[in-house]
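Please dock the two separately framed chains into a single complex, following the hints provided.
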Amino acid sequence: MTSATPPTGTGALAKREARLAWTLLAPTIISVSLVVILPLLAIIWISFKPFTLSDLRPPAPVVRESLRGSGDDLRIEYRLRNSSQEIAIEGVTLTDVLPEGVIAGEIAAPCVLDGQELFCDFGTLDGGQRERIRVPVTIDGDPDVFEDVVEGSEPRITGSGPSVLTNFEFSLENFARVFDGDEFWGVLGVTLFYTVFGTIGALVMGLFAALLLNKSFKGQGFIRGLYLFPYVAPVIAVAFTWVTLFDPFSGSANALLVQMGLSSDPINFFGERPLALIMVTVFEIWRYFPLSFLFILARMQSIDSSMYEAADMDGASPFQKFWLLSIPQLLGILSVLFLLRFIWTFNKFDDIFLLTGGNAGTRTLTVNVYEQAFAVSNIGAGAAVAVVILMCLIAFSFVFFKFISREEGL
Amino acid sequence: MRKGFITGPVLGALWMVVIATTIAVTMSFATGAAFRPQVLLSLIWGALAGLAYVRFPARHAPARLGVSALLGLTCLTGFGPVLIGSDTTLQAVLVTIVAIAAVMHLSMAEILKELPFGELTRHEYEDAVIRFCTGFGYIFFTATVIIPFYVMVMTSLKSQQALLQNPLDFSVDLSQGWALFRSYTELFRDFNFGTYLWTSFYVSCLTVFITLLFSVPGAYAVARFRFQGQKAFSRSILLIYMVPMIVLALPIYIAFSLTGLRNSILGIVMIYPVTTIPVALYMLQGYFRGLPTEVEEAGLMDGLSRLAVIWKITLPLSLPALASVSLYVFMIAWNEFLLAFMLLDDPSKFTLTRGVTMLNSSEIPRQHLMAGAVIATVPIMALFLGLERFMTKGLTAGSVKG
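Heads up: the sequence lines are chains A and B, in that order.
Just so we're aligned: the first sequence equals residues 1 to 410 in my numbering.
Just so we're aligned: the second sequence equals residues 1001 to 1402 in my numbering.
The following block holds chain B by itself, in its conformation from the complex (with noise of 0.2 Å):
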């Protein structure tokens, strides 16, 4: 097996599958034309390309080329890695050819680099591995993230009959100017989004304050003193964590429908902040922990009260903490779904998910409710890309819970 001859082959037609599979897929969702990869023909050709590049070293940079340029051209004939449909545009056909040789020639080199056409080490070997793996892990994560996301957008442009038409084309036609988003406008004019939108904004924020509120003191208690049954509270925060939240909501149905709290903004106001105190506190806790206890005894000594050392003290000590817990009870109350979903029945009071979900009917065509969509993923996205540093840290830190 650690043999040059065998190993670059070997790589080279999986390789040419991966990168025929992905340019195949690429091409029809960009085009909407058909295009199909031919695993046996691509496992043939990327077999002869793999031998090429492990017989040619990278000194022989023409003969290298060469043969990734006849791999993008054979598929002219049928008999390429890629087989295109006759209805294609020549400027399709013309882009897939050359990715197709650019992409296996930049991608054979690096994973083959300098492998030796006869024996191999073992470090040879493995490494030539890694560099196939981590190049499909590569495209495999990033196609799989993307794609959803890629066709959430795209059929919100669209509309119903082109979708049922070809549901692969998603070619934009962008003369139409400002009518490509019909959808949105009609969403914020016919369905009240801007009201859910709202709603949705103002719940997130007092849920976000509430819930600080209530867990800031309640973690510095239990990172900074000792008291009796602390170590039994600690573990109690992290098994009501551990409660599924539909066991809750039934309960809560019942009682919200016997005091008239259901249908009401005011309930979900009291309801979200308790599902995210337990979050916040033991991540806030933990921080606690971390601060050094001097700065502290220094102001108590100095004469402030406690409530005066966390106020003046902690507090601004832990703003990049506060920060990473305020964004991710922000995202949980955003995203939340089954409290407002059972709780709210009157449109006038809907969060945006709720919203998005009384889209999901069979009367309302499909691009309205992607649009719904993506109007519920834009602003947490751009909250989440534009702070990515304390989100990741604030994820690190609380999703314990899912």
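Just chain A, same shape as in the assembly (with noise of 0.2 Å):
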């Protein structure tokens, strides 16, 4: 008598779904490896490289070829010359193919004619090294012709100098340098004030909104459109209407305040330590705060409203019903909140970038990263910092999982 298992392993149908979903996703797969992970493990790779913006341009031979003298002395003239002052360029070489009726003469080291072809064997050029190689020529016909075809035609050139991204040679070099002194703490101070005031405060603004406009009437849907706005709208344009609106001198802002009587003379907002970073902080909030009432709302919708009805029989005042049933219903909903918001806005960039650039005290790790890449022109320090900002986000994404799963949802 044999008994009848089950089937164990996967079966021909399973196999056959798994390749259909590996097919789909491939695309995807393909390019955000290709855009997303390779980078990474390239700013990985760059911040233990002594690495600027000038080496962008790899050390490379360049050539100019001109018809020089007149009558009888008439030559060809290559000028040579290293692009770059300290590196060398190994193997080089100049090839160029002499126009008809241009008839060489005698021809120096270290160059060889063949037919019309001439050829150059530099070997190896030094940093800031110039060659230059003068081949005497006649010429039947019009100088000024053969000028044009001369020049006209390009001579090709080899050689290549080591570029510092594909050697093997690693330092600490950009670690040093971003950990070195107080500025590295000054920055992350900033970081953590700026998200952290940040987040609460888009969170507390989208709570309180949310509360008023979590009730029917009429225009309701109009004003949490509005209440969108600032959100929706291009960060550029919300940006610059900011730094317009409190210029210290032709800012509506402070000419409201001044007005007022409220202070003197004209503040500059945005130019000021401390008070930029607040502003930076307050501009975050009311950027973002739009996201967090979306959400707010949308759960405070869902809760069921049996349980309010309870609380009303058993008599619950108004603040009793917000303190012990809403806010432990949107408990859920706040922490997921604020565990995005915490770490979309330590990415944050644009807003800093796009109000004060960094300065008066505002330079977060995620400005710092363009600082020192751009502004300083030290790409592996700039690597280094981002590198600094990926560890802080794996340590986030930690918590954030663990909650997550936790949360389920959203």
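To be clear, the hints were calculated from the coordinates, so they are not data collected in a lab.
Small disclaimer: the values here were computed from a predicted structure and weren't measured.
Mixed in with the good hints, there may be bad ones.
Computed spacing ranges between beta-carbons, pair by pair [stated by the list, open to error]:
id: 1; chain 1: A; residue 1: S31; chain 2: B; residue 2: Q1228; range: 35 to 45 Å
id: 2; chain 1: A; residue 1: S54; chain 2: B; residue 2: F1209; range: 49 to 59 Å
id: 3; chain 1: B; residue 1: S1362; chain 2: A; residue 2: Q85; range: 27 to 37 Å
id: 4; chain 1: A; residue 1: S153; chain 2: B; residue 2: T1259; range: 44 to 54 Å
id: 5; chain 1: B; residue 1: Q1160; chain 2: A; residue 2: E151; range: 48 to 58 Å
id: 6; chain 1: A; residue 1: W323; chain 2: B; residue 2: P1347; range: 28 to 38 Å
id: 7; chain 1: A; residue 1: S305; chain 2: B; residue 2: I1139; range: 27 to 37 Å
id: 8; chain 1: A; residue 1: L262; chain 2: B; residue 2: L1317; range: 35 to 45 Å
Where chain B lies over chain A, by a calculated footprint (3+ residues, C-beta under 8 Å) [stated by the list, open to error]:
id: 9; stretch: 86-97
id: 10; stretch: 171-179
id: 11; stretch: 182-189
id: 12; stretch: 303-311
id: 13; stretch: 383-395
Examples of chain B residues toward chain A, derived with CB under 8 Å [unchecked claim]:
id: 14; residue: A1143
id: 15; residue: T1144
id: 16; residue: M1370
C-beta atoms are modelled at their ideal positions from N, C-alpha and C, and glycine is treated no differently.
Structure (structure tokens):
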């Protein structure tokens, strides 16, 4: 007697399904890994290298060709130089075809002439080294015409210098530079202030706005749309508007304050410590409260109303209903929002960059990446800051996943 | 604390400050003349009004109205809640007085309702406080949202000279006719904004198209198929959300510089969709999960292939979700600033946001910058207001990203 056993392992159907799934996912995976994973690896690589903005153009030989002299003393001149002042280039050669009608005279080393083809081998070109090759020529015809012909034909040159990016020399110099001095801790402090207060502020404001709109009345849809404006408008438009509004000379906010007698002199809102930091945090709150508002409102409207009816029967007051019913119900969404917004505020670059450019004590880690890489033109140091950011994010996402798997949803 | 004759004056006093400030700011922005709220006097007048409104229930409407009218009229003496500058036009003064009287009367009646003069129950007290907070909330949020946009539009219509003379004066001289929009005509004529608008538009559309092309199959696979690594995949999508753009922008800048893709629209169109695919995939898979599988299984039974099922059944069913996702992706691409700023240098290839950044220089007058901001904002706002339902849904579903 044989007993029937359920099949184990993956069946053909399941295999086919999995194969189809991966096929459908393939374009996404390939493109995302090209643009996300690869750059992430690249930035870790670069952070260990002394790489500056000027290294983006690797050293290369540069050549200029011209027809010189007059009458019998005609010559073609090639001027060759190393574009870099320090780094040597190896395997430098020059190849050019002399135009028809040009007869070359005697040719000096390191060049040889084969028919009309000129070939020169320079070997290694040191940093800043210049070479000049003169080829005496006789031509039959108008020299002016030949000048164009000669200078029109580009000689081919080969030779490549070592690229900082591809060699295997690493140094911790960038990290030493980043962590050096008080600057880093200042930047970290600013980042934490901005992130913590920006996130909490946006959440509290969002909760307040959601409480306002959590009832149906005429025009509720309109007001909800209106309150989303700061989030939907392009950051560039609203940031520049804030800069204009709070301008110390032509800003309306200052004019208003002076007129109301709250301040006698115009205040430079985005140019003074620590006011600038407070202002960018306020901007962050202003721009992102709509987001928390939207989420919290959606959650509020899904709370079972019978709970409130029961509370009414028991004689609970409005404040009691808010603290004892609404807040516990909203705690889940509030904490998920807090975590997500925390990470996103931490990552924020555009807002501060457009408002203050990172000046006046508002330089956060993300702005520091840009500052190091482009203002100081030290891409390696920028990459090192980026790696520090990534470390923080990995820590955050551990907390996040521990939490979100409990919270489920969103 | 829970006595009508205490709660009434306290709320009244605070409310008077709110109203006085609101009206002073509104009138200042509207006329450019000097209006100043007087906090101490507002507190006193408001407390008196609060007391009157608690003392006289609604059936004594004339008494209540009289108190409010008195509040308005005191502004003429210089001892009212709002101090009006001497060079203000008669019209503006009248508007201020009427506004203070009418707004105070209506809002105080609404906040204090039938609050008894003596002992209050907990409900009556808390309801009154909540009504006060609600009123304050509406004024506060509406003002903070509207003022920047108002300033943006109005500044773009002014001349530099008028702006420096009195930054508060936003009154518009309608008699200029079309000359009012000279900043805009100059932007379109001298700064190529027509081209930028078009570039931004087609870049955004292409981004939406490519994003959907990639994310629809991906989202379907994650939502419907069981395969190894499914959970890890969903999680890594969320993780990718969290990588800051500036960290990616640096290596992308280097790679594009080395390959010559920098400064080309092609490079931008290659990068934008990849930043939005994870968001779109995440939003769509949530929606696909909510669709009933039975319909799709029926299709399979009738001999459709999987791809045909996606094309003929799933996609038509998820049109609203596709609309939301498209709008959301369009918004991200339209508003994108960092990559356009870093990768585009050639003014003939700018997107709109990059073009507006160009205007932020000391040589270009402020109203041009603000006109540029308006040009960048109006299309996205029009889209948003026209399709608010889809947009809100898209925002809620996808905007874990910020």
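Evaluated hints:
| no. | hint | in the structure |
| --- | --- | --- |
| 1 | A:S31 x B:Q1228: 35 to 45 Å | violated (22 Å) |
| 2 | A:S54 x B:F1209: 49 to 59 Å | violated (39 Å) |
| 3 | B:S1362 x A:Q85: 27 to 37 Å | holds (35 Å) |
| 4 | A:S153 x B:T1259: 44 to 54 Å | violated (28 Å) |
| 5 | B:Q1160 x A:E151: 48 to 58 Å | holds (50 Å) |
| 6 | A:W323 x B:P1347: 28 to 38 Å | violated (57 Å) |
| 7 | A:S305 x B:I1139: 27 to 37 Å | holds (28 Å) |
| 8 | A:L262 x B:L1317: 35 to 45 Å | violated (58 Å) |
| 9 | 86-97 | violated (count 0) |
| 10 | 171-179 | violated (count 0) |
| 11 | 182-189 | violated (count 0) |
| 12 | 303-311 | violated (count 0) |
| 13 | 383-395 | holds (count 5) |
| 14 | A1143 | violated (11 Å) |
| 15 | T1144 | holds (6 Å) |
| 16 | M1370 | holds (6 Å) |
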